[in-house]
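A.B. asks: Sequence order for the protein chains is A and B.
Take the first sequence: its letters are residues 9 to 295, numbered as in the working numbering.
Take the second sequence: its letters are residues 9 to 295, numbered as in the working numbering.
Honestly, I wouldn't trust all of these hints.
Chain copies aren't distinguished; within one or between two, either way the pair holds.
Straight-line C-alpha distance at most 30 Å; calculated DSSO-like pairs for lysine-lysine [stated by the list, open to error]:
#1 149 <-> 135
#2 274 <-> 135
#3 263 <-> 252
#4 247 <-> 219
#5 226 <-> 135
#6 274 <-> 161
#7 69 <-> 252
#8 53 <-> 247
#9 98 <-> 263
#10 226 <-> 149
#11 135 <-> 252
#12 274 <-> 56
#13 219 <-> 98
#14 161 <-> 69
#15 161 <-> 53
#16 219 <-> 147
#17 168 <-> 53
#18 263 <-> 135
#19 31 <-> 247
#20 219 <-> 56
#21 252 <-> 219
These are calculated hints, taken from the structure and not from any lab test.
Note that the structure is predicted; figures quoted are calculated from it, not measured.
Number of protein chains: 2
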Amino acid sequence: MRIERVAIIGVGFMGGSFCLALKNVYPSMRTFGIDINEQAIEIGKELKVIDQGSTDISELKDFNPQLVVLASPVRTFIEIAQSLRELIDKECIVTDLGSVKGHLVYELENILGPRFVGGHPIAGTEKSGVQYSRNDLFKGKRFIITPTTFTDKDAKSLLKSLWEEIGSFVEEMDPHLHDYIFGAVSHLPHAVAFALIDALIRLSDGVDLFKYPGAGFKDFTRIAASDPIMWRDIFLENKENVVKCIDAYINSLSKLKILIQDGLEKELTLYLEEARENRNKIDRNNG
Amino acid sequence: MRIERVAIIGVGFMGGSFCLALKNVYPSMRTFGIDINEQAIEIGKELKVIDQGSTDISELKDFNPQLVVLASPVRTFIEIAQSLRELIDKECIVTDLGSVKGHLVYELENILGPRFVGGHPIAGTEKSGVQYSRNDLFKGKRFIITPTTFTDKDAKSLLKSLWEEIGSFVEEMDPHLHDYIFGAVSHLPHAVAFALIDALIRLSDGVDLFKYPGAGFKDFTRIAASDPIMWRDIFLENKENVVKCIDAYINSLSKLKILIQDGLEKELTLYLEEARENRNKIDRNNG
Chain A
9 MRIERVAIIG VGFMGGSFCL ALKNVYPSMR TFGIDINEQA IEIGKELKVI DQGSTDISEL
69 KDFNPQLVVL ASPVRTFIEI AQSLRELIDK ECIVTDLGSV KGHLVYELEN ILGPRFVGGH
129 PIAGTEKSGV QYSRNDLFKG KRFIITPTTF TDKDAKSLLK SLWEEIGSFV EEMDPHLHDY
189 IFGAVSHLPH AVAFALIDAL IRLSDGVDLF KYPGAGFKDF TRIAASDPIM WRDIFLENKE
249 NVVKCIDAYI NSLSKLKILI QDGLEKELTL YLEEARENRN KIDRNNG
Chain B
9 MRIERVAIIG VGFMGGSFCL ALKNVYPSMR TFGIDINEQA IEIGKELKVI DQGSTDISEL
69 KDFNPQLVVL ASPVRTFIEI AQSLRELIDK ECIVTDLGSV KGHLVYELEN ILGPRFVGGH
129 PIAGTEKSGV QYSRNDLFKG KRFIITPTTF TDKDAKSLLK SLWEEIGSFV EEMDPHLHDY
189 IFGAVSHLPH AVAFALIDAL IRLSDGVDLF KYPGAGFKDF TRIAASDPIM WRDIFLENKE
249 NVVKCIDAYI NSLSKLKILI QDGLEKELTL YLEEARENRN KIDRNNG
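Build out the structure end to end from the sequences listed, making use of the hints.
C.D. replies: Okay, structure coming up:
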């Protein structure tokens, strides 16, 4: 099957970038955008990210997509999937760009059947909004595909090729393992960054600390400028892992606090050295 | 007085960059580097960061510097200041590039007298080592000068002009206020970043999490690649503020955890929205 009609649910930065990437490889690809925000659809059309668009999901029926991509905040997925059932052809593949997989993949599979294939592109920035869409956002980045034993093999292969064609490295992963790993390496850092800004608000007592960003502070807090609705949904949908990671994190930070408070010079040096060494492994592993 | 001979104690990234910046403005400036690491001195000479150098601080006597800059980890300052007293002319100004001011400024003033002027350039990266020195590191950046009522006025003016000539914006600040502010906006974020890596080490149980950096993770953890000895010293010397900030931070993060755990959707949205809004103030305030 050659994909010629793709529908994006959620006309934002991620969905928009996926459309542009597809159109870059397949100039004849037609895209239809659904969003609750009329303005996003207008901008999407102006920027030729989508060819058509509507705030009414039932308009997908006439478009008859061969692939539907859920690109809205993850907590909207279930309701959207329920609506989609009545609207799309039974051959139509459904996938998503969500940062949470785990139980969501199994729930979506229950609703949509084996033609649902979960996915998570490891790309993106703190930016939100379709106006920031880039056709090269996923180039050279990983795309995690999270099939189950129930997933349709052809649907999986087709989706895999599509992502490879737009330049991503596709890696298969169990949906629950995905949520453990990205709970730790992505959701935890975002929680940590949002909380840092919250702490600085509380500590800005008599002095506006936000006037004094130290060196590296802007980079460090950039992810706290991410979309609040998107992140609220990720935190709530991956609650179990996120809470577990925050607990582990508070333990690590409390340990560091005690080393500082008690002036344990040797142990403090070891703690910081071990952290630096492990941080530097990332640069070595990932170019 | 025209400064022609500058000694740097600690031939690293910060001290080296200061030498290069000075030489860029005053090509005839002569620099002498002291370091416990012979290799740093060799590299510094090769790269023409320093003209001369030694591992033996007493060699400063013959060089007869007009300005001495403490650029080593902050916990070495007191001992160095005590040695300096015997070695330098009584007209020689002493300053530092340390990230902690507060009590240290008063202690150094006690040893060196009013010719000591504390300073802290708000610049730098996670890099360490004289080989990374850049003559434009301080250009367009803030330099915090922390005089006391006891500080020599001429020494202060001279230092101020020197930093302005290399392109920094000089801002005066009380030494203790400095430690409160930078405890929150710089030392806390570093503690938070080091602890994040520590937590990921602990959470890497059966799976190597460092193989899966999410989007933004590299930027977010870059500061955890900073020099362990430098940061051990900063944490210990600014212990009171750092511990207070870590406590405030753990409160903020615990609050976020509860909002997630209890699924308090509305409050969670507000928390994340407030964080994003305050984070974005930094971009607006600081270009």
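A.B. asks: With reference to the structure, classify each hint as holding or not holding.
C.D. replies: Now the hints, each set against the structure:
1. 149 <-> 135: both (17 Å within a copy, 26 Å between copies)
2. 274 <-> 135: Classified as between; 22 Å across copies, 41 Å inside a copy.
3. 263 <-> 252: both (17 Å within a copy, 14 Å between copies)
4. 247 <-> 219: Only across copies: residue 247 and residue 219 sit 23 Å apart there, 34 Å inside one copy, limit 30 Å.
5. 226 <-> 135: both (14 Å within a copy, 16 Å between copies)
6. 274 <-> 161: The answer is neither: 55 Å in one copy and 40 Å across copies each exceed 30 Å.
7. 69 <-> 252: neither (42 Å within a copy, 59 Å between copies)
8. 53 <-> 247: Intra 36 Å, inter 55 Å, cutoff 30 Å: neither.
9. 98 <-> 263: Answer is neither: 55 Å inside a copy and 45 Å across each miss the 30 Å cutoff.
10. 226 <-> 149: Classified as both: same-chain Cα gap 24 Å, cross-chain 14 Å, threshold 30 Å.
11. 135 <-> 252: within (27 Å within a copy, 32 Å between copies)
12. 274 <-> 56: So residue 274 and residue 56 fail the 30 Å test inside a copy (59 Å) and across (35 Å) alike.
13. 219 <-> 98: The answer is neither: 56 Å in one copy and 38 Å across copies each exceed 30 Å.
14. 161 <-> 69: Only inside one copy: residue 161 and residue 69 sit 25 Å apart there, 79 Å across copies, limit 30 Å.
15. 161 <-> 53: Classified as neither; 33 Å inside a copy, 64 Å across copies.
16. 219 <-> 147: between (36 Å within a copy, 19 Å between copies)
17. 168 <-> 53: Within one copy only: 27 Å inside, 55 Å across.
18. 263 <-> 135: Between copies only: 25 Å across chains, 34 Å inside a chain, cut-off 30 Å.
19. 31 <-> 247: This pair counts as neither: shortest intra-copy Cα distance 36 Å, inter-copy 55 Å.
20. 219 <-> 56: Close neither inside one copy (39 Å) nor across copies (36 Å); limit 30 Å.
21. 252 <-> 219: Only across copies: residue 252 and residue 219 sit 20 Å apart there, 34 Å inside one copy, limit 30 Å.
This entry does not satisfy hints 6, 7, 8, 9, 12, 13, 15, 19 and 20, going by the numbered hints stated previously.
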